[in-house]
Every structure is written in C-alpha cells, then in structure tokens.
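Participant: Full structure from sequences and hints, please.
What follows is each chain in one-letter form.
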Amino acid sequence: MAGLYLHIPFCAHKCHYCDFFSAPPAGDQLATWHLLLERNLRLIGTEQRPEIETIFFGGGTPSLLSPAQVSSTLACCRELFPLSQNIEISLEANPGTLTASSLAGFLAAGINRLSLGIQSFDNKYLQLLGRGHSAEEAAKSFMLARDIGFTNISVDLIFALPGQGPSDLEQEIEKLLALSPEHVGIYGLSVENDTLLQEMVTRGQVAEVDEETYAKSYLQLNRLLSAAGYEHYEISNFARPGFRCRHNQAYWQRKTCLAAGAGAHAFDATGYGKRSAIPPDLMNYQQQLNRGQNPAELLEEFDQRQAMAETLYLALRTSEGVDSAAFAQRFGISLAEAFPAALASLSPHLQQRGNHYFFTAESWLLYDHLISHFL
Amino acid sequence: MNQNQIRNFSIIAHIDHGKSTLADRLLEVTGALSARDKTDQFLDKMDLEKERGITIKSQAVRIPYKSRDGQDYLLNLIDTPGHVDFTYEVSRSLSACEGALLVVDAAQGVEAQTLANVYLALDQDLEIIPVLNKIDLPSAEPEQVKQEIEEIIGIDTSDAISVSAKSGLGVEDLLESIVKRVPAPGGDRNAPLRALTFDSWYDSYQGVIVLVRVIDGVLRKGDKIKLMITGGVYEVQKVGAYTPHPVTLPELSAGEVGFVIANIKVVDDAKVGDTITHLHKPSDTPLEGFEEIQPMVFSGLYPIDSADYDDFRDALEKLRLNDAAFSFEPENSMALGFGFRCGFLGLLHMEIIQERLEREFGVELITTAPTVVYEVTTVKNELLRVESANMLPPVQLIATIKEPFVLASVHVPNDYVGAVLSLCIEKRGVQREIKYLTSNRVMIIYELPLNEIVLDFFDRLKSVTRGYASLDYEPLDYRISELVRLNVLINGEVVDALSLIVHRDKAQLRGSELVAKMKEFIPRQQFEVAIQAAIGNKVIARQTVKALRKDVTAKCYGGDISRKRKLLEKQKEGKKRMKRVGNVELPQEAFLAILKVKD
Chain A
11 MAGLYLHIPF
21 CAHKCHYCDF
31 FSAPPAGDQL
41 ATWHLLLERN
51 LRLIGTEQRP
61 EIETIFFGGG
71 TPSLLSPAQV
81 SSTLACCREL
91 FPLSQNIEIS
101 LEANPGTLTA
111 SSLAGFLAAG
121 INRLSLGIQS
131 FDNKYLQLLG
141 RGHSAEEAAK
151 SFMLARDIGF
161 TNISVDLIFA
171 LPGQGPSDLE
181 QEIEKLLALS
191 PEHVGIYGLS
201 VENDTLLQEM
211 VTRGQVAEVD
221 EETYAKSYLQ
231 LNRLLSAAGY
241 EHYEISNFAR
251 PGFRCRHNQA
261 YWQRKTCLAA
271 GAGAHAFDAT
281 GYGKRSAIPP
291 DLMNYQQQLN
301 RGQNPAELLE
311 EFDQRQAMAE
321 TLYLALRTSE
331 GVDSAAFAQR
341 FGISLAEAFP
351 AALASLSPHL
361 QQRGNHYFFT
371 AESWLLYDHL
381 ISHFL
Chain F
67 MNQNQIRNFS
77 IIAHIDHGKS
87 TLADRLLEVT
97 GALSARDKTD
107 QFLDKMDLEK
117 ERGITIKSQA
127 VRIPYKSRDG
137 QDYLLNLIDT
147 PGHVDFTYEV
157 SRSLSACEGA
167 LLVVDAAQGV
177 EAQTLANVYL
187 ALDQDLEIIP
197 VLNKIDLPSA
207 EPEQVKQEIE
217 EIIGIDTSDA
227 ISVSAKSGLG
237 VEDLLESIVK
247 RVPAPGGDRN
257 APLRALTFDS
267 WYDSYQGVIV
277 LVRVIDGVLR
287 KGDKIKLMIT
297 GGVYEVQKVG
307 AYTPHPVTLP
317 ELSAGEVGFV
327 IANIKVVDDA
337 KVGDTITHLH
347 KPSDTPLEGF
357 EEIQPMVFSG
367 LYPIDSADYD
377 DFRDALEKLR
387 LNDAAFSFEP
397 ENSMALGFGF
407 RCGFLGLLHM
417 EIIQERLERE
427 FGVELITTAP
437 TVVYEVTTVK
447 NELLRVESAN
457 MLPPVQLIAT
467 IKEPFVLASV
477 HVPNDYVGAV
487 LSLCIEKRGV
497 QREIKYLTSN
507 RVMIIYELPL
517 NEIVLDFFDR
527 LKSVTRGYAS
537 LDYEPLDYRI
547 SELVRLNVLI
557 NGEVVDALSL
567 IVHRDKAQLR
577 GSELVAKMKE
587 FIPRQQFEVA
597 IQAAIGNKVI
607 ARQTVKALRK
617 DVTAKCYGGD
627 ISRKRKLLEK
637 QKEGKKRMKR
647 VGNVELPQEA
657 FLAILKVKD
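Chains A and F, in that order, give the protein sequences. Per the numbering used here, residue 11 is the first one in the first sequence, and the count goes up by one each step. Per the numbering used here, residue 67 is the first one in the second sequence, and the count goes up by one each step.
Just so you know, the hints here were simulated from the structure itself, not pulled from any lab data. Heads up, some of the hints might be wrong.
[To be verified] Simulated restraints, written as ranges between beta carbons of each label pair:
id	chain 1	residue 1	chain 2	residue 2	range
1	F	LEU633	A	ARG315	12 to 22 Å
2	F	LYS621	A	SER111	26 to 36 Å
3	F	LYS642	A	LEU309	38 to 48 Å
4	F	GLY484	A	ASP220	39 to 49 Å
5	F	PRO396	A	SER357	33 to 43 Å
6	F	ASP377	A	LEU229	40 to 50 Å
7	F	PRO396	A	SER355	25 to 35 Å
8	A	ARG315	F	GLN272	40 to 50 Å
9	A	SER357	F	ASP626	27 to 37 Å
[What the hints assert, rightly or not] Under the rule of at most 20 Å between Cα atoms (straight-line distance), these lysine to aspartate or glutamate pairs were calculated in the EDC-like manner:
id	chain 1	residue 1	chain 2	residue 2
10	F	LYS621	A	ASP204
11	F	LYS621	A	ASP166
12	F	LYS636	A	GLU310
Every residue, glycine too, gets a C-beta built ideally from N, C-alpha and C.
Facilitator: This is the structure:
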C-alpha cells in the first residue's frame with residue numbers, strides 16, 4: 011500500500027508570495043515533462059510495485075498539463091501498479107487555467123479530487139498576491155467543475171492578509187461556504203525571502219499582520235468552518251466528514267509514498283523509514299533518465315530515536331494526534347518512557363482522549379515551539 | 067661561553083606592529099630556524115596566540131650569531147606579552163635583559179601600549195634600540211615617526227634601524243646593532259647563585275618548566291635549589307635553553323638565559339619574579355622587584371549543563387597549573403546553580419581563560435558580567451573585599467564603599483579628542499592631562515573608575531575613535547563612591563547572577579539600558595516575561611517580552627517534512643545554550659547584556 015506523488019514544477023507565472031521551485035514552461039517542455047514522468051514511473055516500477063491508494067498531481071501548476079497528458083500518465087500508472095478500488099486521485103489546479111473542456115477531460119482521465127487554489131474572494135488581495143485570476147473567475151471555475159461532475163473539491167484560502175480584519179475574513183468564508191466545497195485548506199500569508207512580496211514589505215508598500223491578528227484570524231476560521239460542519243483535521247486543513255485528503259494524511263502517518271518528477275520527495279516506511287528526493291534540477295533530471303538512472307537521492311535514513319521524534323512531529327499536526335498504544339507497539343517503548351521531559355513540559359497543551367494525545371487549534375498556533383520538545 | 071659574548075634583549079611593540087614577524091625573521095636570518103621548521107609566528111605557540119596576534123606567555127630563544135667582524139655571539143631573545151593585563155610579567159622579563167628593541171610601525175607611530183612598556187624598560191636601565199618596521203609600506207613616514215619617538219619618549223633616534231620584518235630588509239643591520247649597542251651582562255660567576263624566574267608553565271611530562279636569567283653564580287643539574295620567596299626546595303633535573311627547540315646544557319651561568327626543570331608540581335610554586343639560589347650556599351638577598359599578583363577583575367563562570375560541574379572544576383584546576391595569575395572559588399547562584407567566582411588580571415586575561423576553557427576543555431559556559439573588587443567598610447568598622455554584587459552587605463550595614471581607580475592614558479589622533487573626552491566624562495573620569503605629542507597625535511590622561519573600564523570602555527573607545535585609539539592603564543587608588551546594588555527581576559524574581567554594583571547617579575540610566583537590551587536577547591516564550599531593574603525594593607525600569615502568539619509551520623507535506631523539521635532541530639540546538647531561571651529561558655547574551663548596551 012502506498013501513495014504516489016507526481017510533481018509538475020511549472021507555473022504560467024510566479025505569484026508574488028511564492029518561493030517554490032517553478033518556472034514557466036518553455037516550448038514543448040510540458041510534453042517532454044510528461045514523457046520524462048512516464049520514464050521515471052517505469053524506472054520506479056522496475057524496483058517495486060506496491061498497491062497504490064492515492065495519486066497526487068502537485069506543483070507548480072499541474073493543471074497546465076493537458077487532459078490527454080494526465081490520462082496517459084494515469085494509464086502508465088495503471089499498467090505499472092495495482093491501483094486500489096477506491097483510489098483517490100487529486101490534481102492541484104489554478105482557477106485561471108481551467109476551462110469546461112479541460113475540466114471534463116481531467117474528470118474523464120480519472121481525476122476524482124480537485125484542489126483549487128482560489129486563495130481569496132477579494133480581488134484586491136488577488137492582485138496583491140499576483141494570482142492572475144479574479145474572484146469571479148475562481149468561483150466560476152468551481153461551479154463549472156461541480157457541474158461537470160467533480161464531487162470532491164478542495165479550496166485553498168490565504169488568510170492573515172495585510173489589513174484583513176474579522177469582517178473581511180467572515181466575508182471570505184461566506185463566499186467560500188456558498189460554493190460548499192468538501193475540503194478547505196487555509197494558509198496564513200508568510201513573507202518568504204526573495205519574493206516580490208518581501209520586496210513590497212521592505213519598501214513599505216505592504217505591512218505584514220502582527221502575530222495577534224494572525225492568531226485571532228486562525229481561531230476565527232476554526233470557529234466559522236467548524237460551525238459550518240467542517241472538521242479541523244490538521245493544522246491547515248478542514249474537511250466535511252469522509253472527505254479528508256487521504257494522500258496528505260499518509261504523510262502525517264509516515265506511510266510509504268512513491269514520487270516522480272524533479273523536486274518530488276518520496277518516503278519508504280520500511281524499517282524506521284527513509285526519505286529520498288529528486289533534486290529540483292530539470293537538466294540533470296532529464297540526463298539521468300536518458301541514461302536509465304534513478305534520479306532520486308537519499309535524503310535521510312532514520313534510526314529509532316529519529317523515527318519516534320518524527321512520528322510525533324507529524325502526528326500531532328492532526329486532530330487524531332498520536333495513538334500511544336500504537337506508538338508503544340511500533341517502537342517497543344512507551345511514549346512516557348521515551349519522552350518524559352517533553353510530556354511534562356507540554357502537559358498544559360497536550361489533550362488526552364483514550365489512548366490518543368492531541369493538540370487543539372489554540373495550541374497548534376504554537377506548534378513549532380511546542381513540538382521542539384520532542385526533537 | 068664568555069659573558070662578554072652574550073646579549074640579552076627583548077622586543078617592545080604594539081599589537082600588529084610586527085613583533086612576532088621580526089622575531090621569526092631574526093631566527094631565520096641567523097639560521098636558528100630552518101625554513102622547514104618555519105610556521106608563522108614561531109614563538110606564539112598557543113593557537114590562541116597565533117589567531118589573535120597576541121603573546122600571552124614569555125619565551126626565551128638562544129640565537130647563535132657570527133658578527134661581521136667574525137666574532138661569535140649568543141643572543142637571547144626574550145619575547146614578552148604585550149598587554150596591559152600582563153604588565154608585571156613584562157617588567158620581570160625586561161629585567162632579565164640588558165637591551166630592548168623598540169619596534170614602531172613606520173606608518174602608525176607610537177601607541178599607548180608601546181609607551182607603557184618603554185617606560186618599564188627605561189626603569190630597568192635597558193639600552194633601547196629604536197626600530198622602524200614596515201619601512202617598505204608606501205604609507206611609511208620614518209622621519210615623522212622618528213621625531214615622534216624623540217619627542218614622546220625622549221630617546222635619540224639618529225641611529226634608529228629601518229627594517230621590513232616581512233621581507234627581511236635591514237634585519238642584518240639590526241643584528242649588528244644589537245651586538246654593538248646592547249651591553250654584555252654583568253654578574254659574577256663565582257658569587258652565590260641568584261637566578262630570576264621570569265615565567266613558568268606546566269608540562270605534563272616534565273612538570274613545571276621555569277624560565278630563568280642567571281644573575282650571579284652557576285646553575286647545574288643535581289644542584290639543590292631554594293626559591294627564596296616561596297621557600298620551596300628542589301633538586302635540579304635539567305637545565306637548558308631553547309634554540310628554539312629545547313636543548314639540555316651542562317650549566318647556566320651568570321648572564322645566561324634558559325630553562326630549569328626541578329620536579330616542581332605547580333606554577334604557583336615558581337612565581338614570576340622569585341629568585342632561585344643554592345640551598346647550601348645561598349645568597350642572602352633575593353633580587354628586587356617581586357610582587358604578589360592580585361586579580362583585578364572577577365566574574366562568575368557556570369557550566370550550562372550542571373552535569374558538567376566536575377569536568378569544569380577539573381578544567382579550572384588544570385588551567386591554574388599553568389596560570390598562577392588566575393584564581394577561582396566555588397560560588398553558588400540561585401539562577402545559575404553551582405559555578406565558580408574567577409579572578410583575572412584584566413579583561414583580556416578573562417577572555418583568554420574563557421576561550422581556553424571552552425576550546426581546550428570543551429566546557430560550555432555561562433559568564434556573568436565582570437566586576438572589580440570593592441572595599442566595603444561596615445558600620446562595625448569591618449573591612450570587606452567585595453568581588454560580586456551578591457557579596458555586598460545590606461545597605462544599613464554599610465558605612466562606606468570604595469572602588470578602584472586607574473590612571474588611563476589614551477593615544478588618539480587629533481580628530482577624536484572630543485569624542486574621547488566625552489566618553490571619559492560619561493565614565494566618571496577626572497582629567498589629569500591632555501598632551502599634544504605631535505600636531506596630530508594626542509595623549510589624554512584620565513583618572514577613571516576601573517568599574518567603568520571593565521564594563522565596556524574599551525569597546526566604546528574603539529567605536530568612537532574608529533579603532534584609532536590605543537589604551538593603557540595602571541592601578542591608582544581606592545576612592546569612596548556612592549555605589550548601589552542594582553538588581554534585575556525576571557517575572558518578579560531577583561536573578562542574582564545579573565546584579566550589578568553601579569554608581570548611584572548612573573543607576574537609572576544603566577537600569578533602563580540594561581532591561582531594554584535584555585528584552586532584545588530574551589526570546590519570546592509562551593507567557594509574558596517582565597524584566598525589571600530595581601534598587602532595593604524600588605523598581606526603576608521595566609520592559610516586557612510579549613507572549614508568543616504564533617509559531618507554526620502552516621505547510622507540511624511531502625517535500626517540506628525533512629527541511630522544516632531540520633530547521634526546528636537547529637533552532638533547538640541554539641536553545642540548549644539557554645539557562646532556565648524560574649520558568650523563563652535566558653540565553654547567555656542576556657547575562658552579558660550590560661556589556662552590550664551601547665552596541
């Protein structure tokens with residue numbers, strides 16, 4: 011059982027806040043990419059053929075691929091790996107790139123979960139973020155996808171935007187709920203190095219929100235979305251019951267995930283686990299594959315202590331938290347024995363329900379600070 | 067060798083004026099050091115000395131030299147420390163010589179430190195040979211610098227030697243000049259033994275190695291010797307000299323310089339300035355000039371991890387084997403746990419010890435702000451030496467507090483006189499003299515409280531003069547001052563390790579600056595942290611570190627997991643250097659914030 015992540019490091023243009031590895035596709039680069047991905051998959055297939063439960067087209071902007079390319083990639087997957095009956099196949103899409111025919115094509119190709127990067131329903135913010143689509147276009151894309159037959163759609167929103175107050179946020183959620191997505195991702199705006207946004211902040215054109223505002227907005231989102239029937243199941247993710255993203259959950263549960271495409275990361279859960287990555291270098295990727303070499307490089311191999319720490323680091327991001335019985339069984343040492351000092355320091359924050367320890371949204375706001383106790 | 071063919075000399079120079087390079091060149095030109103042995107700055111043996119371009123321990127090297135008229139000579143070069151903290155050691159090393167090379171950078175001119183050491187040399191009646199170094203630099207102004215030497219020091223520079231220690235230019239002329247001008251040592255080979263100890267260090271194979279200059283008599287292997295000040299009696303196991311590699315010799319006689327190994331266990335038993343004589347045919351008077359050295363600056367040193375306490379004490383004991391000038395006593399702090407109150411000759415000495423503890427012994431330390439020794443007279447007329455704010459008795463029991471003053475001289479280009487004067491006034495200085503050495507170089511002499519100097523005077527001086535000032539000082543006296551204890555409270559609790567003794571008039575300012583600076587250093591925690599400065603129960607300043615409200619990585623998917631986790635691990639590594647006080651985590655910088663207020 012495993013997930014499969016496919017990375018498409020291309021974007022039509024760079025958003026102002028983005029510091030990821032991506033570039034506009036030049037000439038027939040997308041067509042070449044699609045061929046390389048398939049070659050990459052075949053190389054993986056010669057080494058292992060686990061049953062695939064989830065496939066995730068991530069990026070970048072995977073919706074730049076044509077439905078035919080997506081379809082052929084998935085055909086390749088089907089040929090190489092046994093696919094689960096109820097497989098989840100997600101595609102990240104930028105509303106600006108979608109049309110009725112492309113949506114219909116993706117659906118027909120087998121995509122059954124769409125993740126739309128809407129980010130905001132306020133054109134003022136979309137402009138600031140450099141998104142290249144309007145709020146109206148975004149809503150239209152969503153409704154189009156729904157009409158065409160997508161029954162599992164996720165919407166990403168950015169909060170903690172400059173000047174965004176509680177009423178602004180309430181309006182955003184109102185517009186979001188009007189679309190009734192199955193899943194919502196919320197991300198506080200962060201100003202990363204070497205981005206246009208950082209430049210705007212440096213020049214004083216944009217002011218970053220303070221921590222207090224960030225915290226209040228986060229908790230407001232938690233309240234509004236919970237009231238609307240969404241479960242806050244991970245720090246940045248909400249879902250209607252039954253619609254949690256299974257692919258991402260596998261990351262937090264440290265399950266095996268294969269990966270193809272330069273810039274993609276894979277995790278092998280055997281033993282205490284090892285993580286590998288394909289360097290984000292297109293030339294090198296192509297050369298390696300042309301020579302029939304696996305472009306993945308080992309990133310880290312875990313020992314017991316590291317595996318225990320990372321298990322907690324990931325599991326406590328979710329509302330499930332960590333199952334102490336499963337932990338003890340997995341590692342042969344109880345949580346209390348392995349991390350006595352950390353558990354004591356965290357006692358005001360760690361909640362307990364049966365065997366499970368977990369954080370609430372209030373504590374998630376300090377996640378990095380709190381989780382350091384286990385690292 | 068005949069006494070007439072021996073020349074004992076030392077080199078006096080300011081830091082960076084090329085003393086160590088010149089010493090290397092002298093060894094090379096005379097063939098004492100082959101090119102194969104050569105590492106830069108051969109005489110600075112400790113890594114620390116090489117890295118910082120300073121000399122901490124003295125060295126004595128025997129250099130054979132054939133002069134131009136065909137005579138064979140033995141030159142003994144005694145390399146001395148060159149810092150105000152080690153003035154006493156310098157004075158003893160100089161008294162082992164008959165001559166000194168005064169090395170002045172031909173582009174920089176005379177500096178305060180040079181001057182202080184020249185005066186020490188003049189006090190010992192040494193023959194001084196002025197040497198202008200870096201003569202090949204385009205910015206060299208030898209004539210002007212000569213004039214400066216004549217005006218400031220009052221010695222004749224008509225036969226000054228111009229050299230470039232770097233290229234070797236002029237070094238042979240210098241050797242000739244040493245032979246011609248430095249007097250041969252006096253002393254009587256047949257008189258009872260008197261040998262001056264001018265440095266010593268601990269060697270783990272041979273015990274303490276003592277550097278000596280034999281004044282009268284002869285010292286041989288097997289001799290029963292007595293150290294006249296400490297009273298210790300030993301049997302000599304080995305005598306010899308450095309060439310620069312150690313060589314065993316049959317004897318050291320009047321006029322010679324070399325080493326003695328005599329099964330001495332700790333350097334403290336062979337104090338700098340002591341006199342070695344024979345047990346059975348002793349001299350009746352020791353050599354003049356011995357002083358018991360006293361630490362001037364104290365600070366608390368604490369292991370960050372209290373489990374390191376025993377290792378730390380071992381490290382201090384080992385260092386002490388090699389450095390009699392430094393002292394330590396157990397001290398207990400509510401905030402920092404078990405540690406030691408350590409005494410140093412000065413700030414450089416303190417830094418060196420701290421650095422060696424961390425580097426050579428691997429002990430991670432928290433250091434408290436340095437303090438001087440106060441003399442407190444109680445209402446019952448008892449006299450107390452107070453080396454830390456926490457030792458200060460309650461106010462109602464204190465009659466007077468005296469603090470040490472020093473006489474400081476600052477050499478500075480004309481343009482910075484105003485800045486230096488305001489700094490000295492700010493530091494509660496009393497002006498003695500302002501003297502124009504040349505039209506552009508000024509010597510400013512102030513009486514200053516040592517307490518202000520150990521805080522941040524030197525850093526401030528460097529910053530207001532863009533590094534152009536040089537500073538020297540000597541102890542002056544103790545004066546009654548209006549001094550108070552300034553406490554720092556973290557969330558209402560007094561942190562003893564942060565208490566300071568300050569002048570009453572400066573308490574308000576210092577308190578405000580201190581809490582403001584601490585606010586910068588204390589990372590935000592899950593709760594609000596109040597930092598207060600108080601005199602007695604009266605709070606005079608306050609700052610608040612707001613509670614952490616948000617510290618979260620929003621995106622953590624496949625590609626982020628390793629990278630972001632490693633980032634957190636790295637941050638946590640930094641936190642290990644923090645000390646928990648109550649429930650607040652304080653980094654090392656917070657304990658030294660008082661030194662950083664004007665950064």
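Participant: Assuming the hint says 27 to 37 Å, is it satisfied by the Cβ distance from SER357 (chain A) to ASP626 (chain F) or not?
Facilitator: 28 Å, holds
Participant: If I claimed the Cβ atoms of ASP377 (chain F) and LEU229 (chain A) lie 40 to 50 Å apart, would that claim hold in this structure?
Facilitator: Distance hint for ASP377 (chain F), LEU229 (chain A) holds at roughly 48 Å.
Participant: So the hint says 39 to 49 Å: do the beta-carbon atoms of GLY484 (chain F) and ASP220 (chain A) match that?
Facilitator: At roughly 43 Å between Cβ atoms, ASP220 (chain A) and GLY484 (chain F) fall inside 39 to 49 Å, so the hint holds.
Participant: For LYS636 (chain F) and GLU310 (chain A), compute the direct alpha-carbon distance and say whether it is at most 20 Å.
Facilitator: 16 Å, holds
Participant: For LYS642 (chain F) and LEU309 (chain A), compare the CB-CB distance with the range 38 to 48 Å and indicate the outcome.
Facilitator: At roughly 25 Å between Cβ atoms, LEU309 (chain A) and LYS642 (chain F) fall outside 38 to 48 Å, so the hint is violated.
Participant: Indicate whether the distance between the beta carbons of LYS621 (chain F) and SER111 (chain A) respects the range 26 to 36 Å.
Facilitator: 31 Å, holds
Participant: Regarding the pair LYS621 (chain F) and ASP166 (chain A), is the alpha-carbon distance no greater than 20 Å?
Facilitator: Distance ~12 Å between LYS621 (chain F) and ASP166 (chain A) Cα, so the pair holds.
Participant: Between PRO396 (chain F) and SER357 (chain A), is the Cβ distance one that fits in 33 to 43 Å?
Facilitator: 35 Å, holds
Participant: Given the hint of 12 to 22 Å, check if LEU633 (chain F) and ARG315 (chain A) actually sit that far apart at their C-beta atoms.
Facilitator: Holds - the Cβ-Cβ distance for LEU633 (chain F) and ARG315 (chain A), about 19 Å, lies within 12 to 22 Å.
Participant: Are ARG315 (chain A) and GLN272 (chain F) spaced within 40 to 50 Å by their CB atoms?
Facilitator: Since the Cβ atoms of ARG315 (chain A) and GLN272 (chain F) sit about 46 Å apart, the hinted range of 40 to 50 Å holds.
Participant: Mind checking the alpha carbons of LYS621 (chain F) and ASP204 (chain A) for me, to see if they're no more than 20 Å apart?
Facilitator: 19 Å, holds
Participant: Regarding PRO396 (chain F) and SER355 (chain A), is the given constraint of 25 to 35 Å on their beta-carbon distance met?
Facilitator: 30 Å, holds
The structure is inconsistent with hint 3 alone, although it conforms to all the rest.
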